[in-house]
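Based on the provided sequences and hints, a complete structural model is requested.
Read off the chains here:
There are 2 protein chains.
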Amino acid sequence: MSGIKLKEISTKAPKEFDKAGTKEQTQKILAELDNLQNLLFAEGKNALLVIVQGMDASGKDGVVRNVFTTMNPQGVMVKGFKAPTAEELSHDFLWRVHLHAPARGMIQIFNRSQYEDILITRVHKWCDDDTAKKRMNAINDWEKLIAQHNNTRILKFYLHVSPEEQKARLDERIKDPTKMWKYNANDYQESALWDEYMKMYEDCFEHCNEIPWIIVPSDQNWYKEFIIASEVKKALVDFNMQYPGLKK
Amino acid sequence: MSGIKLKEISTKAPKEFDKAGTKEQTQKILAELDNLQNLLFAEGKNALLVIVQGMDASGKDGVVRNVFTTMNPQGVMVKGFKAPTAEELSHDFLWRVHLHAPARGMIQIFNRSQYEDILITRVHKWCDDDTAKKRMNAINDWEKLIAQHNNTRILKFYLHVSPEEQKARLDERIKDPTKMWKYNANDYQESALWDEYMKMYEDCFEHCNEIPWIIVPSDQNWYKEFIIASEVKKALVDFNMQYPGLKK
Chain A
492 MSGIKLKEIS TKAPKEFDKA GTKEQTQKIL AELDNLQNLL FAEGKNALLV IVQGMDASGK
552 DGVVRNVFTT MNPQGVMVKG FKAPTAEELS HDFLWRVHLH APARGMIQIF NRSQYEDILI
612 TRVHKWCDDD TAKKRMNAIN DWEKLIAQHN NTRILKFYLH VSPEEQKARL DERIKDPTKM
672 WKYNANDYQE SALWDEYMKM YEDCFEHCNE IPWIIVPSDQ NWYKEFIIAS EVKKALVDFN
732 MQYPGLKK
Chain B
492 MSGIKLKEIS TKAPKEFDKA GTKEQTQKIL AELDNLQNLL FAEGKNALLV IVQGMDASGK
552 DGVVRNVFTT MNPQGVMVKG FKAPTAEELS HDFLWRVHLH APARGMIQIF NRSQYEDILI
612 TRVHKWCDDD TAKKRMNAIN DWEKLIAQHN NTRILKFYLH VSPEEQKARL DERIKDPTKM
672 WKYNANDYQE SALWDEYMKM YEDCFEHCNE IPWIIVPSDQ NWYKEFIIAS EVKKALVDFN
732 MQYPGLKK
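Residue numbers (my numbering), protein chains in the order written: chain A, 492 to 739; chain B, 492 to 739.
The hints are simulated quantities; they were obtained by calculation from the structure and are not laboratory data.
Predicted, not measured: the structure shown is a model, and the values here were computed from it.
Any given hint could turn out to be false.
Put simply, identical chains are the same to the list, so a pair is met inside one copy or across any two.
To be verified - The calculated lysine to aspartate or glutamate pairs, modelled on EDC-like cross-linking and capped at a C-alpha distance of 16 Å, are: (1) K514 to D678; (2) K496 to E687; (3) K536 to E578; (4) K624 to E515; (5) K690 to E499; (6) K536 to E499.
What follows is the structure, given as structure tokens:
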């Protein structure tokens, strides 16, 4: 992943994938995810943390809504990280994040995450390079902590959309009454900082890749959902789980 | 501190300290601490974490009661770490600890701490050496996190008592009606594991000393309190604090 250039990676599904067939595949995986999540909960040995990052309108909410929808909500928690509160700001930047680390048996989804502290903050120069470097080291240490000391598998997804696709989606938010609630005047200003964001993401992929990032071509939601569902399934299957017998 | 042998360190006050004079000194320091803590709170830039570790009856509760007593309780929080709950055990061992890291402006006291996870657990073989090593690395990373990313000064005190003094205090708990509530039949069993505890403490001083341990001779409470009050004062003075002016 080192030296990755986002511009060189397609934001679209490879040609061999067609929409209808892929959607059908995804549905099959989602049915399996329901069972796998139940097993994860029943066994209570491992935890899964799913980090979803991406530009505005890259489809983060859609991932939560469409990929984790078949699972039992008792075993799946979602935390959206917004601008930190005054109380959160009076602690180190990982304090509010650690609080939401998954217990064993659970799937935790982060809609945005600790990575915002080295993305939006750097783009707006609220955080200098030296501080960013230290934060990235601290993030690596923290991810190692929950991986090593609580059997937590971490999946880090970057939803990769083109600026053109983002523009189309932002424009839709102005026109579609069911999407207006998502509109935020700031989004266009942030969008103007696209190249700067890409640079910071690339730096993040470079320095925070001990637990690897997965770049998900996301211009088409059906392909994005297929990839994420597949990766989640793979991670859960890798746990090699079994239903525990009767308690002694 | 590397290679420290607790047996070679006195548990008593050096000869030049007399009880009456030292107590008088401590009272002066406590009066200053009241002011310094108010300044810490008002300025809101730095945080202080005071970790108090020691064998049973080494006087941990007394430190909390007698050294931090003059300060405004709004700015001083105490967390006693007992055997972890089922919920705490379903997370990494630092999860419950991080939750109680001090906000800037605050003094947080840990009565026992993350270090129990490499002390009592090792003595009883609930934790093997390899896991202990990983935990010590994780503790070092975490202490660096709150130090670097939240201006937190960490003071780590080991209350050093002799086994004879401990025995005398445990016996007192059986006889003194005001102390019986502290009696726990397990204490004598733990006491029998003294040498094993000392070995694990020494290993901890060896591997978790990036932020250094302070060994406090604690057979005499008046000397212990003097040392700890002095160190807390020094740490607060080092912050070089100023009352902020009117907010703009």
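So, going through the hints one by one against the coordinates:
With identical chains, the CA atoms of K514 and D678 are never at most 16 Å apart, being 30 Å at best within one copy and 63 Å at best between copies. Proximity of K496 to E687 under the C-alpha cut-off of 16 Å is restricted to the intra-copy arrangement: shortest distance 13 Å within a copy versus 54 Å between copies. For a Cα distance limit of 16 Å, the shortest separation of K536 from E578 across copies, 13 Å, qualifies, whereas the shortest one inside one copy, 33 Å, does not. Taking identical chains as interchangeable, the C-alpha atoms of K624 and E515 are never at most 16 Å apart, the minima being 43 Å within one chain and 48 Å between chains.
For the identical chains of this complex, K690 and E499 are intra-copy neighbours only, at 13 Å inside a copy versus 56 Å across copies, given an alpha-carbon limit of 16 Å. Proximity of K536 and E499 under a CA criterion of 16 Å is satisfied in neither setting, with 39 Å inside one chain copy and 44 Å between copies.
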